[in-house]
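Spelled out, the chains give:
There are 2 protein chains.
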Amino acid sequence: MGFPDAFAGIPTSGDKHVRVRRSRPRYRQKTFRREEESLRAELLLAQTALREKAGGPVILVVSGVDGAGKSETIATLYEWMDPRFLSTQAYSTPNDEERERPFMWRFWRALPPKGRIGIFSGSWYSIPIARRIARKLSRNALETQLEQINRFEEMLVNEGALVLKFWFHLTREGQKTRLKKLEKDPRTAWRVTRESWARTRTYDELLDVAGHVLRVTNTAAAPWTIVDGTDDNYRSLHVGRILLDALHHYLDDTPRPATSVAPPLVTSLDQRNVITALDMGQTLTDRKYELELAKWQGQLAELVRHKNFRKHSLVLAFEGMDAAGKGGAIRRVTAALDPRRFQIVPIAAPSDEERAQAYLWRFWRHVPRLGRATIFDRSWYGRVLVERIEGFCAEADWLRAYAEINDFEHELVQDGSVVLKFWLQIDKDEQLRRFKERESIEHKRFKITEEDWRNRKKWDIYQQAAVDMIDRTSTGHAPWIAVEANDKNFARVKILKTICQHLERALK
Amino acid sequence: MGFPDAFAGIPTSGDKHVRVRRSRPRYRQKTFRREEESLRAELLLAQTALREKAGGPVILVVSGVDGAGKSETIATLYEWMDPRFLSTQAYSTPNDEERERPFMWRFWRALPPKGRIGIFSGSWYSIPIARRIARKLSRNALETQLEQINRFEEMLVNEGALVLKFWFHLTREGQKTRLKKLEKDPRTAWRVTRESWARTRTYDELLDVAGHVLRVTNTAAAPWTIVDGTDDNYRSLHVGRILLDALHHYLDDTPRPATSVAPPLVTSLDQRNVITALDMGQTLTDRKYELELAKWQGQLAELVRHKNFRKHSLVLAFEGMDAAGKGGAIRRVTAALDPRRFQIVPIAAPSDEERAQAYLWRFWRHVPRLGRATIFDRSWYGRVLVERIEGFCAEADWLRAYAEINDFEHELVQDGSVVLKFWLQIDKDEQLRRFKERESIEHKRFKITEEDWRNRKKWDIYQQAAVDMIDRTSTGHAPWIAVEANDKNFARVKILKTICQHLERALK
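Chain order of the listed sequences is A and B. Just so you know, we're using this note's numbering here: the first sequence kicks off at 52 and counts up by one. Just so you know, we're using this note's numbering here: the second sequence kicks off at 52 and counts up by one.
It is possible that some hints are incorrect.
Just so you know, same-sequence chains aren't split out, so a pair can sit in one copy or run between any two.
Below, simulated BS3-like cross-link-like pairs (lysine-lysine); rule was C-alpha separation at most 30 Å, straight line [as the list claims (entries may be wrong)]:
#1 81 with 539
#2 362 with 346
#3 346 with 81
#4 81 with 339
#5 346 with 231
The set of hints was computed from the structure by calculation and includes no laboratory data. Just so it is clear, the structure is predicted and the values come from calculations on it, not from any experiment.
Work out the full structure: start from the sequences and follow the hints.
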């Protein structure tokens, strides 16, 4: 009994970069018990090692045709391992909170932390496959989604996760036999729904679409394993062994090969860049400021209460040298918003729950619902600013972050977010003046610390990092706005005006 | 302009235990600016001190009649303080994740962490008041809810929070004038909805119900302040001052008066208690075990798939001495459940996000939705076991925990949860045997640590704590089941059988 033709195109283990294992049912009851015994003990040991060595999270994607034994296999894994450190997510209709956020939010919120195993029964693959079968998704749109999935999984792996994907397979006849058998047994009859039978009628389409999806997403970082669903014992041992092998490989101490990094960043020859090109002399008189501030705050207040804003959201990121005026600018923005519908997220050191997740997790958790705003005071760009400069992450990590960040923002924009990033630029002299001023005013003194003075010594390096960041992440859908911030009046009005203009365009 | 009669019964500042401040609008524009300036600087300093001294969370409840300036005042607080450390929650129709959990879950999830200020615009008061006005809640049911609210707020304060409640008031005529004024201004017209006007028609009922609610919930721990909503300047300064005073009082270093503690626990004269009364000799042969296990697992599998279970949920807590067999028992339970619909929560040291919240927060966050189960391997009872014994919390803290825990479980049960707590009892000799066995089996060695040996030395103290715990928290709706666990077969079957019996009763 071989795999159907649609699955023939999947690269085999001959291809060095792609691991695909296939084999046929071999195990019978007599050997099964013995094999199970040792596998179980080893899996338990590996699971403990995962937790104690503080390995990354392990993510198992479980997909396949109805009746091929997905839930039985998950149940077996729970029996074999310590279920306290396993979690399983199923995805059906998204709930309100999920529906009003980008597609990937529901998966991000359920990612297991370091040391744990998360099983996704139904995953980011389910909806693209179902929609393509129903012809609600064009071939091209599917390709785009698969490309996004590949980048997402690669990012997880680069962030330290072990990602394994299993496709549980049955022949058309095998599936019918299996569903009938499940229906007959009162203990399993509930598993077979009308939808299960309905889906058997699109078996060929499923094979066609899934075959393609598996080929395109069978990457070195996150390979697929096809599991023959016919035989219960075989299936369990097969999945268990692959998981065990992968855990052993993952936990052994040989360093992971360095991710290939982007070519070195080139400094422009004439020192002309997005920051030096700014006209830093721009100012606004107090009288003009009051008028303009009222005008744009009024407009912003109207825009966020426009009925179309319910189909959008607003994500603002503020970055800049210390004392550039981020806090003050943010206050002028929030003055126009309803406190019940926005949230300011100040980014400092991550909590331990955040450290146990992929880098972007701590930002995903604050992604606003439709009709709401989140304002980040410092942001995910810390990765390519402070973390790059202070060496908190490897060069490969911050270099890949540019693309990961672009992907993240793209997901937000796809869902209707207006994403704007403000770089507040001040001169070095102006910073010194503000530091001194802060030290002299009692209720501002807390704002200035030793660290600010240390960072100031790295002025040029920060400027270069900011230029690289803006060059690589200012996109049409999520632009950077460099703000001339020597004059606070000018900066605040420019920021408000920019937000209004972008919001207005989005709401039309 | 005084307060209407319905508010006359509220105790005044003459009553030592209750702070209620009232005063009339005094401030005019000429003095307002000067007063505002200094108040603002002081609030900012107090807010910083709150963060840096790692004070507890500050919880502001904002309620009152429509148009009395609730949102304007919140906006002013955002202007005066650092908005990055403020958050505001509004509650309208609960979403589906909230609807499928106990009423208080939506508030628990939004509680601010230590050092932050959380504003609840609409709160745990809104629904009881609205339902009582609509006569959907009997007088008695309201009383019960208010009693629960008082206990909830007292718990927050005992856990270190500062809780302030503001009622924004207007006379009937004042309200109409104010709503008309808001409607006229295009910048505020959106605030006045059809519901605002509809609610003016039940002004008397509101005053009647709210007056009563305020009287009953105006506690020493969490006092109400009535704010006259007529004058914008007065209102803002009034609220700002009260907040500032409260913060100063809260942040000064004088120790809080010790909470009055319950009378000392009495040991029974004959040493007979719920644990010594157990018949520890009970066993089950392997053959009988296999049969019984299959029977009860089968029944449990059916019960959780019963359509009525969608209106219920299952919350199980497992406690017991080390090596009592909690993990093994849990696995026999979960074997009957669908991994997509249950979660096991192993309780170890809290994360830093959990430490920044009231004690029960880390358990509330795992409360299951309807139709699902959460199994706690160790639980909130750590407070009255390990924390009591190791001195991780003060005596007053673990003594009040008994009642807090009863309240918590009562909330779960009210919402349809079946809550069962299992104490797995083994003999001291049996523990020793199991410790040694674990040390000799490679894949079980990780389960035995130095700490287990240390805890063993405190055997008698743990037993006494367990007896006190069972005595004080075994309630009709959330019973403790003491399990004779020297024989694992016997224990596992007893647990499964008990769960089935309770579930069956609930589903009828």
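Structure-based check of all given hints:
1. 81 with 539: between (79 Å within a copy, 27 Å between copies)
2. 362 with 346: Within one copy only: 25 Å inside, 52 Å across.
3. 346 with 81: between (81 Å within a copy, 25 Å between copies)
4. 81 with 339: Close across copies (24 Å), not inside one copy (88 Å); limit 30 Å.
5. 346 with 231: between (69 Å within a copy, 24 Å between copies)
Hint check: no violations occur; every hint is consistent with the structure.
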